[in-house]
Amino acid sequence: MKSKQEILKILLDTPFILPTLGIDAGKEVMQCLKKLADIKSEIYVSRFSILESLWVITRLIRAADLNTEHFKMGLRSILESGRYKKIEENSEIFNEALRLYKLGHKDMIDNILYASSIQLNLKLLTLDNELKEFIYEKRLNDTLIFPNQIA
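For the sequence shown, the working numbering assigns the number 7 to the initial residue and increments by one for each residue that follows.
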């Protein structure tokens, strides 16, 4: 008898929403996204990843290296398709993000995403080795998952 496959609940770090917006994030990200499409998973996204992606996009606009139609369609897909579930950050998440900042991790977007993953019991899909080292050094709850860990 086959055991019931658990649903993997994943919060995407910003690089993993970039391809949907028409921005190349590299082969590793694309391969990981294909794997996620093949397994039982719930995909979560934070408005702060969208904000961070807008910073990336402003650099591309200045370099005239952006297909704005692809971006608009991708943004609509993220926000309206139903494939991505939007998380709602609350005061506990922001307070935890500030605590992480005080502990020495200065990337507030990463802090918000990590705090969200803890509070909402999600895995944070990331490429961020610096965050991984910080979590390990501070002996924090490791909610991170890397592309090579997606079955």
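Bear in mind the hints are in silico, worked out from the structure with no lab data behind them. Heads up, some of the hints might be wrong.
[Unchecked claim] Straight-line alpha carbon distances no greater than 20 Å define the calculated EDC-like cross-link-like pairs of lysine to aspartate or glutamate that follow:
1. 78 x 30
2. 144 x 12
3. 92 x 143
4. 15 x 30
5. 129 x 30
6. 91 x 48
7. 33 x 134
8. 129 x 94
9. 138 x 113
10. 33 x 94
11. 138 x 12
12. 129 x 98
13. 46 x 30
14. 138 x 94
15. 91 x 113
16. 138 x 102
17. 112 x 86
Small disclaimer: the values here were computed from a predicted structure and weren't measured.
Do the hints match the structure? See the list:
1. 78 x 30: holds, 15 Å
2. 144 x 12: violated, 29 Å
3. 92 x 143: Violated, because 30 Å separates the two Cα atoms, which is more than 20 Å.
4. 15 x 30: violated, 24 Å
5. 129 x 30: Outside the cut-off at roughly 23 Å; violated.
6. 91 x 48: holds, 8 Å
7. 33 x 134: Judged against 20 Å, a Cα distance of about 16 Å means the pair holds.
8. 129 x 94: holds, 16 Å
9. 138 x 113: holds, 13 Å
10. 33 x 94: Roughly 30 Å between the alpha carbons, so the hint for residue 33 and residue 94 is violated.
11. 138 x 12: violated, 24 Å
12. 129 x 98: holds, 18 Å
13. 46 x 30: Violated: residue 46 and residue 30 sit about 25 Å apart, past 20 Å.
14. 138 x 94: Roughly 24 Å between the alpha carbons, so the hint for residue 138 and residue 94 is violated.
15. 91 x 113: Violated, at about 23 Å.
16. 138 x 102: holds, 17 Å
17. 112 x 86: violated, 32 Å
The structure fails to meet hints 2, 3, 4, 5, 10, 11, 13, 14, 15, 17 from the earlier list, while all remaining hints are met.
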